[in-house]
Amino acid sequence: IAGITQAPTSQILAAGRRMTLRCTQDMRHNAMYWYRQDLGLGLRLIHYSNTAGTTGKGEVPDGYSVSRANTDDFPLTLASAVPSQTSVYFCASSDGTTVFFGSGTQLSVL
Amino acid sequence: RKEVEQDPGPFNVPEGATVAFNCTYSNSASQSFFWYRQDCRKEPKLLMSVYSSGNEDGRFTAQLNRASQYISLLIRDSKLSDSATYLCVVNIPAGNMLTFGGGTRLMVKP
Numbered sequence: 139i140a141g142i143t144q145a146p147t148s149q150i151l152a153a154g155r156r157m158t159l160r161c162t163q164d165m166r167h168n169a170m171y172w173y174r175q176d177l178g179l180g181l182r183l184i185h186y187s188n189t190a191g192t193t194g195k196g197e198v199p200d201g202y203s204v205s206r207a208n209t210d211d212f213p214l215t216l217a218s219a220v221p222s223q224t225s226v227y228f229c230a231s232s233d234g235t236t237v238f239f240g241s242g243t244q245l246s247v248l
Numbered sequence: 128r129k130e131v132e133q134d135p136g137p138f139n140v141p142e143g144a145t146v147a148f149n150c151t152y153s154n155s156a157s158q159s160f161f162w163y164r165q166d167c168r169k170e171p172k173l174l175m176s177v178y179s180s181g182n183e184d185g186r187f188t189a190q191l192n193r194a195s196q197y198i199s200l201l202i203r204d205s206k207l208s209d210s211a212t213y214l215c216v217v218n219i220p221a222g223n224m225l226t227f228g229g230g231t232r233l234m235v236k237p
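Those sequence lines, one after another, are chains A and B.
Whatever position you read off the first sequence (first residue = 1), add 138 for this note's numbering.
Whatever position you read off the second sequence (first residue = 1), add 127 for this note's numbering.
Just so you know, these hints were derived from the structure itself, not from any lab.
Idealized CB from N, CA, C, for every residue including glycine.
It is possible that some hints are incorrect.
Here are some of the chain A residues that sit facing chain B, going by a computed Cβ distance under 8 Å [stated by the list, open to error]:
#1 Met157
#2 Tyr186
#3 Phe228
#4 Phe239
Between beta-carbon pairs, the in silico distance windows are [claimed, not checked]:
#5 B:Thr145 with A:Gln244: 31 to 39 Å
#6 A:Ala207 with B:Gly185: 26 to 34 Å
#7 A:Asp200 with B:Arg193: 32 to 40 Å
#8 B:Gly185 with A:Asp200: 27 to 35 Å
#9 B:Gly185 with A:Ser246: 32 to 40 Å
#10 A:Leu179 with B:Lys236: 25 to 33 Å
#11 B:Leu173 with A:Gln244: 19 to 27 Å
#12 B:Ala144 with A:Ala207: 45 to 53 Å
#13 A:Gly234 with B:Ser155: 16 to 24 Å
#14 A:Gly141 with B:Ala147: 26 to 34 Å
#15 B:Asp166 with A:Ala207: 30 to 38 Å
#16 A:Lys195 with B:Gly185: 36 to 44 Å
#17 B:Gln158 with A:Thr192: 38 to 46 Å
#18 B:Lys172 with A:Val220: 25 to 33 Å
The whole structure should be built from the sequences, with the hints applied where relevant.
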């Protein structure tokens with residue numbers, strides 16, 4: 139089934155550890171995004187990529203990095219996790235008109 | 128001021144009621160507008176795009192007012208299954224990014 143796959147579904151992580159959230163889409167969309175969603179703050183854009191080989195910073199990029207080596211994959215890395223990065227993370231891709239979301243990763247940093 | 132603002136609600140309405148949500152946006156250059164629906168602990172999904180002339184999809188009607196920079200969503204004959212959070216989404220031309228409002232929570236009661 140075509141769509142976006144995120145992994146892991148959930149993760150508990152010790153502060154200071156490095157973590158990569160995986161995101162893969164098979165719809166050949168050029169644009170991909172990472173959002174975090176926190177109660178009362180809605181969805182906030184972390185990083186985005188308009189096409190393979192390019193990335194850009196969103197609203198809340200600090201503490202996160204991304205790469206876009208190919209069209210399908212857009213991993214998000216937390217180099218040294220902190221408790222404030224506890225959140226639900228959604229990866230998304232767009233065909234230029236509609237944005238499609240993965241099912242999310244619940245991350246808890248203790 | 129946030130780029131996209133919504134009343135967080137919750138809106139508590141009985142089945143069969145008509146309910147309307149508004150959303151204001153700050154960037155007058157925005158060109159694309161959407162309503163997304165998000166169920167608890169799930170990913171957002173596209174409900175409908177919002178066109179300049181207004182558009183209707185069954186019980187749902189979306190309107191755009193460019194002069195006042197707001198979009199609206201009207202739900203007629205509310206169903207229990209309409210209970211969800213409704214996210215207003217606006218395309219920010221610079222960087223081709225989507226900005227999400229914080230969402231309006233709707234609870235339809237029997």
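Okay, the hints, checked on the actual structure:
| no. | hint | in the structure |
| --- | --- | --- |
| 1 | Met157 | 20 Å, violated |
| 2 | Tyr186 | 6 Å, holds |
| 3 | Phe228 | 6 Å, holds |
| 4 | Phe239 | 4 Å, holds |
| 5 | B:Thr145 with A:Gln244: 31 to 39 Å | 35 Å, holds |
| 6 | A:Ala207 with B:Gly185: 26 to 34 Å | 42 Å, violated |
| 7 | A:Asp200 with B:Arg193: 32 to 40 Å | 34 Å, holds |
| 8 | B:Gly185 with A:Asp200: 27 to 35 Å | 43 Å, violated |
| 9 | B:Gly185 with A:Ser246: 32 to 40 Å | 39 Å, holds |
| 10 | A:Leu179 with B:Lys236: 25 to 33 Å | 27 Å, holds |
| 11 | B:Leu173 with A:Gln244: 19 to 27 Å | 22 Å, holds |
| 12 | B:Ala144 with A:Ala207: 45 to 53 Å | 50 Å, holds |
| 13 | A:Gly234 with B:Ser155: 16 to 24 Å | 22 Å, holds |
| 14 | A:Gly141 with B:Ala147: 26 to 34 Å | 32 Å, holds |
| 15 | B:Asp166 with A:Ala207: 30 to 38 Å | 33 Å, holds |
| 16 | A:Lys195 with B:Gly185: 36 to 44 Å | 39 Å, holds |
| 17 | B:Gln158 with A:Thr192: 38 to 46 Å | 21 Å, violated |
| 18 | B:Lys172 with A:Val220: 25 to 33 Å | 31 Å, holds |
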